[in-house]
Structure formats: structure tokens, C-alpha cells
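J.: Single-letter residue listing:
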Amino acid sequence: MSVLVDKNSKVIVQGFTGGEGTFHSQQMIEYGTNIVGGVTPGKGGQLHLERPVFNTVADAVKSTSANVSIIFVPPAFAADAIMEAADAGIEVIVCITEGIPVKDMIPVKEYIKSKNCTLIGPNCPGVITPGQAKVGIMPGFVFKQGRIGIVSKSGTLTYEAADQVVKAGLGISTAIGIGGDPIIGTPTKDAVELLMNDTETDAIVMIGEIGGSYEADAARWIKANGNKKPVVGFIAGQTAPVGRRMGHAGAIIGGKDDTAAAKKQIMAECGIFVVESPADIGEKIKEVLE
Amino acid sequence: MNIHEYQAKQILKSFGVAVQEGIVAHTADEAYDAAIKLKEQFGSDFVVVKAQIHAGGRGKGNIVGKEQRGVAVAKNADKAKEIAENLLGGTLVTIQTGPKGKVVNKVLVAQDVYYPGASATKEYYMSVMLDRSQSKNILVYSTEGGMDIEHVAETTPNLIHKETIDPKVGLQGFQARKIAFNLGCKGDAFKQMVKFVTALYKAYDNSDAAMFEINPVLKTSDDKIIAVDGKVNIDDNALYRHPDYEAMRDLAEEDTTELEAQEHNLNYVKLDGNVGCMVNGAGLAMATMDIIKLSGGDPANFLDVGGSANAKTVEAGFRIILKDSHVKAILINIFGGIVRCDRVAQGVVDAYKSIGNIPVPIIVRLQGTNAVEAKKIIDESGLKVFSAIVLKEAADLVKKAVDGNI
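As given, the protein sequences belong to chains Z and S, one line each in that order.
Taking the working numbering, I'd label the letters of the first sequence as residues 1 to 290.
Taking the working numbering, I'd label the letters of the second sequence as residues 1001 to 1406.
By construction, these hints were calculated from the structure, which means they are not laboratory data.
For every residue, glycine included, the Cβ atom is placed at its ideal position computed from N, Cα and C.
Misleading hints may appear alongside valid ones.
[As the list claims (entries may be wrong)] To give a feel for the contact side, a few chain S residues facing chain Z, derived at Cβ under 7 Å:
hint: 1; residue: Ser1133
hint: 2; residue: Glu1163
hint: 3; residue: Pro1167
hint: 4; residue: Asn1280
hint: 5; residue: Leu1284
hint: 6; residue: Phe1335
Same shape as in the complex, but just chain Z (with noise of 0.2 Å):
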């Protein structure tokens, strides 16, 4: 079953054309992603990678039935790309883009409120489900197919983890690279939400970062829900100086409640196994199963 994308999954590129979009649709291609076609304004009609390019969303659903879309779209102009594949009824929103102003997410979060869409990123590097379908930048060859859930903000920092999984001798369902940005489409609560639902998930790995209150929402969410699968934690950024931007637009500590080791004191307190250094992911995940 796995979560939000697999081999049934009719993908759309948007900014398909574009340098970053045309590398990163020829790799999900290789990968065996259903890639169905992509969008282009003005460009409509020509064909791109043996793939049809569409001018909007909308003909590109009309004429692929596509239910997954993928943006390349550059910074100014991805916020409106993610209301225009919502709007057209795309089911799962991937948005790789990193650089989107705050005041432009804002309406779109709520934008997307009344539509029937998932939206994960923006400034993420998307999902993979291994074996069936990537919808994200990610090297396909290090997520083994599996029975663990990853959850992380990170793009290499999520690489790490499911190398360390699958030397660990285990697999992954689905990895969901939710993003780094302040304002994301889904939340760590909502991605964990959809693992613990799984019935091919048996563990999952919850990789969060300074800033914010995703994670210690998230982890209130798991206690109050029973804990129903082993989750092994890691927030990284014990060492970031107050104030200082680390990289990603949120990985910022506001005040005391979003220190790394804020977030981890919560997330031991409701049952997570938390992980002081990022080397032993694979090692904990291994024995909480055992």
C-alpha cells in the first residue's frame, strides 16, 4: 500500500522544460516513475523527454488524468503553481522548490484548505516509495524497499537515515521529505499521521531540525494516539546558535521551546526514541523492532 505515491501514480511535471526539471524528470524516469507529462506556459503541444508538454494543470489532467505533480517551478512563481494543480484536482502536491516568500505561502496554505490535495514541500526533496515510485530529487538507489516510515525535513540528512535503515538490514515504505521552509503543506503530525495508517509501515523514523513546533506537535500527537509503532527520533541542530538561520528558511531557534534539545526532552516524554547522535539511527531502529 504505502503512503502518498506508488506505481499507480500518474505524475506531471511542473517547469518541465526547465534545466532542474527536465535532469530531475529524466532520473524519475529511469527510477521507473509513471511520469505522464508536464507543464510548460507556451509551451503546449510539443513533446519533452517523449512526454507530453501542456500549457496548464488543467489540460495536462484532462488529457493524462495525472493525480501527482512534481514543481521545478522557480521561486516567484511556485506559490501560484501550487494553487493551479490544486485547483485542476491534483491529488498529491510534490513542490522541490526552495526560496518562496513567506507572504506567498500564506494564502496558498489556505488556499489549499478547501481543495482535495496534499501538498509536501515546498523546499523539500519530495517522496519515494521504493521499487514503485519517486516524485522527488532524491538517489533512488539508497532507499531499499522496506517496512520503515521516514519522516524529515532534510534532503541529505533523509539519504543518511535510509542508508543507515537499510544497512541495518531493513527497508523503507515510503520516505516523505516534508521540507524545510517555515510554512509547508504538511506538517510532521500529518506525515507521521499517514505512516502510523499504513499497513505496510511497521516502524518509522521522525528526522526533525531547530525551529518551529512540528515535531513536538507531532510527538503529543503520537503519545495521545497510543503510540501504535516504534518511532526513533533525531532533531538535528543541538549546537546552532540562537537567532542564526542554519540553511534552511525555518531552521532558525526562536526561543526555548524550539532548541533541539526542547523538541527532543518532548518527544522522549511521549514515548519516541530519540537518538543523540545522527550515526545511530540504523543501530536504534534495528533494536526497537527487536
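Position chain S against the provided structure of chain Z, taking the given hints into account.
T.: This is chain S only, laid out in the frame that chain Z set:
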């Protein structure tokens, strides 16, 4: 992007927010002239001289080696000149600057707004920011203005109010009135406060700000409501549509090494530790800093080289990290996905040779595509570079380096 108080007030004023008026001065003579002008304009001999640095706590901060606070009242233009002389070129240490302090290059000579009159003056606190848990903007306000708001939040949280702004309709009149009532404003002050709050939110919304903090907002003795201080942070991602704000950036307030890193498209934050690091990806970079700490060292920096870890970026990264004389070892941690590890390894070797002698041990951890080939390139390079594939091995090597065992 942070800006100075005087720039924040320019933005506020452009949206109709009443502010304490002032004139920027770069020299003591300019400060004298500014005080004279303010006297002509407002009729009072008194002015306030305020150091302009990107840090709060100026009023309680002190200039190194002098008995001079960062914000001081002058009873006349001569006094203003004297204070400006003390401040300009001096290093101001406040609770927010850290012990190193910040050099004062400009002062704001501002009107005296605490003049006596029909009613008592009153200070409030007000800020506008994104509430990340709601993905909506909120207006935070309190009757306890003019003091450290975090202290107020801890000791008397009931005195801090929050008003959520519905993104569909923006700040409404009833909300502005509620705020004015909750702050206890009456009569003309009430009307002025409603106007102030409305203009403040408009300024925040239209300037693509990430944060506005006005502390204090002052009710004057003649019932005017004005912003006496202003801390404004503009969303970096939105600067492309505000070239006028982008021009307000003061490079003198920023770390020179961080500026150099930006020129190379490297995301670098200087820290105080002894182990440098270079990583691809922000999350993994933070995690790598944590590994350094757990291995007994302290991270000297955050450095995300992004998706393009090649010889050029690695060399730039080396040069930037090595500017810091406290660095005793460097850990490079690259998870090669689409970028191949053997190419990164070759990049490390080339960068090392290009720089010549690097005086500290380098630990290179390359994992992902072609990691084994990469390790071979490093091991056979003959350089003082130690290779690892698994994160744990890298952590152990960092520990050895910190202990002086490699």
C-alpha cells in the same frame, strides 16, 4: 535581512506609522547639527542619541572602556555631540552582541518624546510575525512595554495578548479596536492607537517583513501613539521585489568571512568552535555539527556547499574555514546522491594540492554513489586526509583529531 532602527522607522513612516522623529549622524558634528534641527522642529533642547547597530539591548549596553550607554538623553546639542563622540567608533557590548560587541558607525539623534503634559506617558509592546503553528500572521501586544518581552512572557504570560490575522481578509477594524481596548487606551489615545495598529499591520504586510517589533510603543503626554524603537527583519526570499530595502543592507554589520562565503554561493555561519565542517545539505550540516560536539569537539562553523560539491566549491570552503585560526581539524561530510563521491574526492585532493600545505588534519566522509572508489582516491593521495564511509567512523576520527591523536 536585518536593518537599523533608523531604516525601520523609514519603512514604518512610509506606511503612515507615527514614529519618534530623528536624523542619522555619522560624525559628532553631524550629531550637533541634527540636535539643532530637531530643536527648531520640535522646540525642545532635549534629544536622544541612539547607537545604530544590529542588536538589541542598546539602552543597557555599554561602550568598551567608557562610561557610555548605547542610548542616552542629551539636554542640549553640545551634550548630544559629546555622546555621539563617545559612541561613534566605539564598541558597544549589549546582552545580544556577545562579549565581542559591535562597532558603532552611525547614531540616530532623535526627538525627545517623553515631554511632560496633560497625561502620564505609557509604554506598550507590539510585534507582528508569522505564527508557524498556524501558518498565519499574528500581532502580539502587551501593556508591559519598554522592557525585555521574554522576561514578561515568563513571569506574567497573562499580560501578553495575541491576535491572529485571517489571511483571507487581513486585519479588521474590530481587531484593532480590541487591541486598543485591551491596552487600556481611552479618548484620543484610543483613536490614535487604532490608527497605529492598522498602519503597522499594513506596513508589515506590504514590506514582506519576517518580523516587526516595536518596543516601546509610546503614548505621549498629549495622547499621541508613536513607535520609539523599531526592529524590522525582511524576508530574504522576498528581497527581489524590494530593491529599495535590499539597498538598506549594511555590510559593515555582517561577518566578513560570511560575506566572502556568499560570494562563492556557500551558506556559511561562523561559530566559536575548533572543528570546521563542510557538508552538502543544511540538515546534514546541522547533524554533522552535532556529531562534532558528541565527539568532544565544538563546531567552528555551519557550511552547506549545496548540491555542487566540486573542486572549486571545496577549495573555496577550505579557504574560508582556514581563515579561522581556532580550527584544529576539518570534517567534510558529503552524502553523494546525484553528485558522485569519486568526483568529490578528486575535488578534495585537487583543492588540497591547490592550497598547498593545510596545517590541520582533514577527515573526509563520503557516502553514496561510488563511495568505495572515493575512499581509494583519498587513501592513495598521500595527503594528510583521513577517509571514512560510515558516519560512525567519521565521528571516531573527529574524536582522535580533537584529542590530538592523528
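J.: The structure should be examined with respect to each hint, and the outcome stated for every one.
T.: So, going through the hints one by one against the coordinates:
About 5 Å separates the beta-carbon of Ser1133 (chain S) from the nearest beta-carbon of chain Z, less than 7 Å, and the hint is met. Of the supplied interface hints, the one on Glu1163 (chain S) is violated, with its beta-carbon coming no nearer than about 16 Å to a beta-carbon of chain Z, more than 7 Å. Satisfaction of the interface hint for Pro1167 (chain S) is found here, the shortest Cβ-Cβ separation to chain Z being roughly 5 Å, below the 7 Å cut-off. Contact between Asn1280 (chain S) and chain Z, as hinted, is supported at the beta carbon level, the nearest pair being about 6 Å apart and thus within 7 Å.
Interface restraint check for Leu1284 (chain S): the shortest CB-CB distance to chain Z comes to about 4 Å, inside 7 Å, so the restraint holds. Hint on Phe1335 (chain S) holds. Least Cβ distance to chain Z is approximately 4 Å, under the 7 Å limit.
Hint compliance for this structure: hint 2 is the single one not met.
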